[in-house]
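With these hints in hand, go ahead and build the complete structure from the sequences.
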Amino acid sequence: MSDSLSANGFSIIGKPLPMADARAKVTGLGKYADDLSVPGMLIGKILHSPYAHARIRSIDTSRAGALPGVKAVATGEDARNPYGILPIGHDERVFALDKVRYIGDNVAAVAATSAEIAEQALDLLRVDYEQLPAFFDPEISMKAESNWIHAERPHNIEKEYHHVFGDPDAGFAQADFIAEERYYAGEVNHAAMEPHSTLAIWEPDNRLTVHSSTQVPFYLHRTISEVCEMPMSQIRVIKPLIGSGFGGKSEVIPLEIAACVLAKKSRKPVKITYTREEVFLAHRGRPITIVYLKVAITRSGKITAVQARVIQDGGAYCGYGPVTVLYSGALLGAIYDIANVRYDGFRVLTNKPACGAMRGHGTVNVRFAFESMLDELAHQAKIDPVEIRRRNLLKAPCITANSLRVTSYGLPECVEKVFERSGWQSKKGKLPYGKGIGVACSHYVSGAANPIVRSNMPHTTVHIKIDRDAAVTLYTGASEIGQGSDTMQIQIAAEVLGVRPERVKLVAADTELTPVDLGSYSSRVTFMAGNASLNAAKDMRDQIFAAVAKTLACSPNDLIARDEYISHVSDAAKAISFDEAVALALEFHGALVARGTYAPPENARGGKFKGAGVGPSPAYSYSAQTAEVTVDAETGHVHVDKIVAAHDCGKALNPLTVKGQIEGSVYMGFGQALQEDMTWHEGRLMNPSLLEYRIPATKENPEIESIIVESIDPEGPFGAKEAGEGSLAATIPAIANAIYDAVGVRINSAPFTPEKILEAIRAKQKNDGPNGARASNPQPSGNSR
Amino acid sequence: MNKEILRLRINGEEREIAAAPNRLLLDALREDLGLTGSKRGCDDSSCGCCAVLVDGVPMLSCVALAASYQQSEITTVEGLGGPGELDPVQEGFAEMGGAQCGFCTPGFMIATKALLDRNPNPTLDEIREALSGNLCRCTGYMQIYESVKYALEKCRANTSDRGSAAQAAR
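Heads up: the sequence lines are chains A and B, in that order.
Going by this note's numbering, the first sequence opens with residue 23, and the numbers climb by one from there.
Going by this note's numbering, the second sequence opens with residue 166, and the numbers climb by one from there.
A hint or two may mislead.
[Unchecked claim] Listed below are the simulated EDC-like cross-link pairs for lysine to aspartate or glutamate, each with C-alpha atoms no more than 20 Å apart in a straight line:
no. : chain 1 : residue 1 : chain 2 : residue 2
1   : A       : 664       : B       : 196
2   : A       : 721       : B       : 291
3   : A       : 53        : B       : 192
4   : B       : 314       : A       : 138
5   : A       : 664       : B       : 197
6   : A       : 53        : B       : 196
7   : B       : 314       : A       : 727
8   : A       : 664       : B       : 311
9   : A       : 721       : B       : 290
10  : B       : 314       : B       : 290
11  : A       : 37        : B       : 311
12  : B       : 168       : B       : 179
13  : B       : 168       : A       : 138
14  : A       : 664       : B       : 192
15  : A       : 487       : A       : 609
16  : A       : 53        : B       : 197
17  : A       : 721       : B       : 179
Treat the hints as calculated values from the structure; they're not laboratory data.
Encoded structure:
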C-alpha cells in the first residue's frame, strides 16, 4: 500500500503549495497575540532593573497599588518558585526575589485598566537597591573570586564540558600544516518582527487560558503550572499566529509568566505586549562567542586533528546555555571525516540579558571559526578551498568520532552544485583586487534525538478524526511560527489519504485540544511532527481501506488512495469516491479516529559520555555556499554581490517553503556577518531598537540563489529533513573567505565592519611593503610546519 | 487629556471615534476600530509593519496623529481586498512565499500597492527602493520580489483584459 505512494509519483508532496494560512495573513484578518482582546481586559506593564547587579533591599508598592485603575501589583513574593527551560537550570524567577542580575531584569509588574495608568503606576513603585560589583566580560567573569552572579555557580561558570575523541595529540603530530587562531563573534538577537505578547485570561471556574506568542506551548504550559502552583489540567495554552521566533520564543519568556501571575492575582484577563526595547532585554539570542581554535592537515589536505576552547557569554541566567555550548562541541567536527577532536566548552555567566537558542543554535559561531581556518589551511597547503572540502567528506552512512549517527549525507552534492552554479573555477583567485569569492559548509540537526526532559514518551503525537462531513481534521501540537509547519502536515495527510489539501483542516497548538508536541525549535518539526502525521494518516487510511476492501471484495493491499478516490490498483473500474469511502468506513468501524506518534530510534540517540545527549539527531541537513563580494579598500565597506546556497533537506515536501527557509537563513547569516551586533556599555545595551540594531533591509541584502539537494533520508517523512536553520552557519565564513580572496586579509571577528577591514588592509599594506598587492601574500595567521 | 470626536475615512467608510488629540493613528486603527491588520513591530518608526496608505501615499501610522488625518482617505491592509476578492498584491504575497510569518506582510503590501499604483512597470532596483522602508526577518526578500512580480503580471493581465473587453464592446 505505502509503496503505491512513490510508485505512482506524488500528487501533493513536492508541490510548491502556498501556505495554508496565507490568506489569513494577506487579508490582515489572522490574529497574533497582541491582536486579541476580551471584555474587561487589563494591560500589564513590567518594571525593569536599572542596575546590572544589585541586591533588592525593599520594594514599596503602596502608592502604585493605590492609583485608581490599578487592579494588581506583583513582585517576587507573588511567584517564588524558580523555573528555567532546562531541568538543571531552574535559576530564574519571574520577578527578582533577592537581587537583580542585569539591566532590564524583571522587578515587579502592574495590571491596570489602561496602558497609561499602568505606566504611571510603574513610576510610583519604589525600589531600594544596593549595588554589587558586576561582570561584563566572560573571560574576566570566569575568574571572579567573589560576588558571583548565582551563589551556587562558583566563578560564574554555568557549565563546562571537556571532550576528547580519538587521539588529538597524535593527530597534530602527524600534520604538515597547523593553524591556530582566536575568533570572536558578537552578540545577535532574533529580532522577530512580532514583539512578544501574552494574554492570560482568568476564567470563571478558576482556570487559566493563555494565548501567547510561543514556539513551545507545552513548555509554557508546564512552567505556568510550576510557578502559579496550578495543576496543568487547569491551564490551557493556545498559540495564535506567531510573527516568527527563530528561537526567541522557544524558552518561557518573563512576560508570559508575568501576565499569568497578574491574571491570577486580579482574577481578570491581562495582556502584556513587549516594546521592541523589552524584546532586546528579554533577549535569549546568540551569545558572544570566543573560539580558540587549532586545526591540522596533512600535505594532501586531510584533517588530522581539531582542538577548540570555546567561551560563551551566557548573560545572567542559565536558559538553554549548557545545550548551546554542547552543540558547539558536538557539531564542530561532525560535518567532515575527522577522527581526533578535543573540545573544551565554557558557558559563563555575566550581568547581561540571558542568551539562549537562536537559529543554528550553537553551531553558527564555531562553524565561522572552523570554515575560516580550513580556508587558511587550504591556502597554506596550496589546495583549492572547494577541493579541501571534497577531501574531508564523511563516507555515509557512518558514526562520527563523537558518536553521531549519520544516515543521509547530501554534502558532496551541495559542494558540487555551488561549485558549478557559482562559476567557481573561473573566479577563485582570478578576480581583480577588491573582488572575491569564498566557500563554506554547514550542517544542522533535524530535531534533538533526546528531549530536554528525559522520558520514553513520544516527541510528537498526532490525531486525525473524520466524521460524516468527510472533512479530515488533523490535531497536532506542532507550532506554526511562519516556517510552514501547518502546511507540511496538511500535505502529508492529504498525500496519504489521497485527498485535496483543502479537505484537511488543521487544529494546532492548543493544549486543550491537541496532543503534545515538543515544539518548534532545533528544526524538529518536519522530521518529527511530519513522521507522526504520516503515521496517523496511514492509520486512518488503513481503517478506510479495510471497509472499502470489503465492499469491493478485494484485499486492502490492492487499494490506492489518490485524487479523492479509493481505487483498485489494477482495475480502475473498481473505484469509490472519498466521501462514499468515509460513509462505508463509519458503518464498518463506528468512529474514525486515528493516531500517530514519533520518537527517534534508540541507535540515533548518541553516546554515553557526559554531555552526549546534545548533538544526536535522527538526521542531519547539509549546506554548502559560495559568497561573492566587492570590498572597497578605501572605506573597508563590503558589498555581498551574490550568495549561492545549496541545502540538502532530504526531500523538499514543499519547494516553495524550503527555498524560503534557505533564503531566510542566508539572510540572517548575512546580517550577523556584516552588520548586526549588540553593543554594550557596562551591561547597558546601547542599541535596543531596530533603528540602531540594523537587520538588513532590501537595499543591503544580497542576491540569493537557493538550490535544493534531495538525499532522501531513510527515516524522514517521504525522505525529508530540516530546512530552516542549517544554511545560516555557512554564510558567515563564506563571506569571510570571500573577503580574503578579494583583499587578502582574514577577519576573525564578526561582524566584519568597515573599521575592522580597513585596519586589516592597512596592517597588511604595512607588512607587504609598497609592492604587495592581492591575496598572493596574505597575512600570516597560522604556523606552518 | 480630554477626548474628542474624530471622523476618519477608512477603507472607503466613514468611521467615528472618541479619542484624545494625541491618539496615534495606529492605536486608533487597532484599538478603537478593531482593524488589527496593521502591526506594531518597533518603538521608533523603523520597521514599516504599521504602514497604511494616506491618500495613496504609504505612511507609518505609528507616528501619525489620528486627528491630523480627518480629511484624508486612509487605506489599511483590510481595505486592499477581503477574503473573497484579493487584490493582485495580496494574491502575490500569498502565492509566492512573500508572507512567511506574515507580521511584516501588511506593511510590505501597502508599500507594494503604492509602488504599482504610481509605477506599473518597476525594475528590480525600483522595487528594492520602494520596499526599503520595510523590514522582513523571515524571507531574505527574494520571495517578496517574486510576490511583487506576480502582482505586476496580474495587474498587467487585468489591464489588457479590460483593454480588450473595451475594444470588443466598441
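Hints, verified against the model:
no.	hint	verdict
1	664/A <-> 196/B	43 Å, violated
2	721/A <-> 291/B	10 Å, holds
3	53/A <-> 192/B	16 Å, holds
4	314/B <-> 138/A	44 Å, violated
5	664/A <-> 197/B	46 Å, violated
6	53/A <-> 196/B	14 Å, holds
7	314/B <-> 727/A	17 Å, holds
8	664/A <-> 311/B	17 Å, holds
9	721/A <-> 290/B	9 Å, holds
10	314/B <-> 290/B	12 Å, holds
11	37/A <-> 311/B	17 Å, holds
12	168/B <-> 179/B	19 Å, holds
13	168/B <-> 138/A	14 Å, holds
14	664/A <-> 192/B	40 Å, violated
15	487/A <-> 609/A	15 Å, holds
16	53/A <-> 197/B	16 Å, holds
17	721/A <-> 179/B	38 Å, violated
Hints 1, 4, 5, 14 and 17, counting from the list given before, are not met by this structure.
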